[in-house]
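Chemist: Below, each chain spelled out in residue letters.
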Amino acid sequence: MSALTRAEAEGLIQEVLEVYPEAAKQDRARHLAVNDHALERSKKCITANRKSLPGVMTARGCAYAGSKGVVWGPIKDMIHVSHGPVGCGQYSRAGRRNYYVGFTGVNTFGTMNFTSDFQEKDVVFGGDKKLAKVLAEIEALFPVNKGISVQSECPIGLIGDDIEAVARKSSAEIGKPVIPVRCEGFRGVSQSLGHHIANDSIRDWVLEGVTRGESGPYDVAIIGDYNIGGDAWSSRILLEEMGLNVVAQWSGDGTLAELKRTPQVRMNLLHCYRSMNYISRHMETKYGIPWLEYNFFGPTKIAESLRQIASHFDDHIKEGAERVIARYQPLVDAINDKYRPRLNGKRVMLYVGGLRPRHVVGAYEDLGMEVVGAGYEFGHNDDYDRTLKELGDATLLYDDVTGYEMEKFVERIRPDLIGAGIKEKYGFQKMGIPFRQMHSWDYSGPYHGYDGYAIFARDMDMTVNNPCWQKLRAPWKKGA
Amino acid sequence: MPLVMLRKDSEGRLICYVPKKDLEARVTALEHDGEELWGGRLTLEDGESWYLEPISPRPGLPFEARVKRI
Ligand code: SF4
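Top to bottom, those sequences are chains U and P. Counting from 1, one number per residue, gives the positions in the first sequence under our numbering. Counting from 1001, one number per residue, gives the positions in the second sequence under our numbering.
Hints are not guaranteed to be accurate.
Here are the simulated BS3-like pairs of lysine-lysine, each with C-alpha atoms no more than 27 Å apart in a straight line [said to hold, decoys possible]:
| hint | chain 1 | residue 1 | chain 2 | residue 2 |
| --- | --- | --- | --- | --- |
| 1 | U | K389 | P | K1068 |
| 2 | U | K318 | P | K1008 |
| 3 | P | K1008 | U | K408 |
| 4 | U | K44 | P | K1021 |
| 5 | U | K129 | P | K1008 |
| 6 | P | K1021 | U | K129 |
| 7 | P | K1008 | U | K25 |
| 8 | P | K1020 | U | K286 |
| 9 | U | K260 | P | K1068 |
| 10 | U | K121 | U | K146 |
| 11 | U | K286 | P | K1008 |
| 12 | P | K1068 | U | K25 |
| 13 | U | K43 | P | K1021 |
| 14 | U | K44 | P | K1008 |
| 15 | P | K1020 | U | K389 |
| 16 | P | K1020 | U | K43 |
| 17 | U | K286 | P | K1021 |
| 18 | U | K423 | U | K408 |
| 19 | U | K389 | U | K408 |
| 20 | U | K51 | P | K1021 |
| 21 | U | K43 | P | K1008 |
| 22 | U | K51 | P | K1020 |
| 23 | P | K1008 | U | K471 |
What the hints contain is simulated information worked out from the structure, not anything from laboratory work.
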């Protein structure tokens, strides 16, 4: 069965909106759209990055999640203190699977949870003293840390603690950077503002005073790759194989020293535009370092990206890119031969964060699959601008989709696979629809690069063609 | 008086980025585009116009500036 026609998709949206009261209907109508290739700009058809309505089910996170969970968390040799009550950090601990090398608890701290564990008395009398004590204790217990970041949770902003003053004082005492981040969960409409706040704090507290260094001819930095399941590693080897010198990884498996060395690179390679475009733009204005968006999902996009990256360097790198593409071609052919027949024509609906709804489209298409609906939890209009041309005409678009809407869309479209988050997973599996958790790759990965494509293809096949989907109906209900 | 960032995209076209509005738009016309004087009226692809106090001489890109709505 093919995708919906434009009229059907528009009809479906109308039908779904029907149940809402007038005000909610008007609001939600602006977030649902049907892709139109004639449009250059998404703001003509879809509204994004707006406050979710109370009363509807949203899958968004908070600014603290965007800063601690996404941007700062993976920096492995720093300790990130979840400043406030214990829950925010504990329930999100290590959930994102940002892989790193090192001895956890000695020189790396990625999967550990540090918190100031706020109690009632800290809220009443202020938590600055406690924070100072926490920082001193951390330094005593984990002397090999390279610095500490203080990630504020909601109460810190509400009671007006002066974490900047504490950070400055402690930093002088322990002789290491202590970076206060004002990422209280209530700021902004989603985790997206947390990314921005985190980027700004890196700008103000890490890159401040750093000057443009001596640059090698092929120095680049990987920006916006969080090494989920090893993603940054499978990307990095491709860049290195083509002759580039990867100086820094932001921030998956990254270190503070790498961040500080980034202003020496020739070019910033930006994978997740949403979470790190701010710092890329800053480095472009301050140091004149150009940035380039690339996409390492699926062989078509990888080859395109490698060539695009190479076009900014000399012939040595250009040849390198061709060599890499040629070298992996047999691998790609083998994957396609094996999985395409099993996946061809299957239809996928996506609802993910800030980059994947557009970035993984190419990988699915390489496998012969079709994306029939896509949406962002916290994308902005510039994300949708970039999405319109990646998707087929008349594809369903949904921004900050509510639980109800998504369910209705799925009921009608009956896709062969859904890629979304853990909050959606079990509901859809119970509806009998194969599901992949596309935030942290469902305990799998990496999905970036050629090696990642092999795993991606296997996982999709394993999910879509899993025999369990035939066993959902009780035998006595099957009929003759 | 929003802050905007003017930069060249990969194809060398002038792009205006308005962080507050998440707007990234091509500049379709620029009043003064010379070595001596640069700025003036900026027209974006969606038809919006802004005024940038002309600068002399032409600044290096990317360039951050405050612009006025016309
Ligand atoms: S919204 Fe506030 S309390 Fe909730 S997880 Fe985020 S920081 Fe913690």
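Chemist: Now tell me, hint by hint, if it's right for this structure.
Modeler: Hint check results:
1. U:K389 x P:K1068: This hinted pair is violated, its Cα atoms lying about 32 Å apart.
2. U:K318 x P:K1008: Holds. K318 (chain U) to K1008 (chain P) sits at ~22 Å (cutoff 27 Å).
3. P:K1008 x U:K408: violated, 43 Å
4. U:K44 x P:K1021: Status holds; Cα separation ~14 Å.
5. U:K129 x P:K1008: violated, 48 Å
6. P:K1021 x U:K129: violated, 39 Å
7. P:K1008 x U:K25: This hinted pair is violated, its Cα atoms lying about 40 Å apart.
8. P:K1020 x U:K286: holds, 20 Å
9. U:K260 x P:K1068: With a Cα-Cα distance of about 35 Å, the restraint between K260 (chain U) and K1068 (chain P) is violated, given a limit of 27 Å.
10. U:K121 x U:K146: violated, 31 Å
11. U:K286 x P:K1008: holds, 15 Å
12. P:K1068 x U:K25: violated, 35 Å
13. U:K43 x P:K1021: Holds, at roughly 11 Å.
14. U:K44 x P:K1008: holds, 24 Å
15. P:K1020 x U:K389: holds, 24 Å
16. P:K1020 x U:K43: Distance of about 14 Å is within 27 Å: holds.
17. U:K286 x P:K1021: holds, 22 Å
18. U:K423 x U:K408: holds, 16 Å
19. U:K389 x U:K408: Since the Cα atoms of K389 (chain U) and K408 (chain U) sit roughly 25 Å apart, the hinted pair holds (cutoff 27 Å).
20. U:K51 x P:K1021: holds, 15 Å
21. U:K43 x P:K1008: The hint holds at about 22 Å.
22. U:K51 x P:K1020: Given that 27 Å is the threshold and the Cα spacing comes to 15 Å, the pair holds.
23. P:K1008 x U:K471: The given pair, whose Cα atoms are some 56 Å apart, is violated under the 27 Å limit.
Hints 1, 3, 5, 6, 7, 9, 10, 12 and 23 from the earlier list are contradicted by this structure; the remaining hints agree with it.
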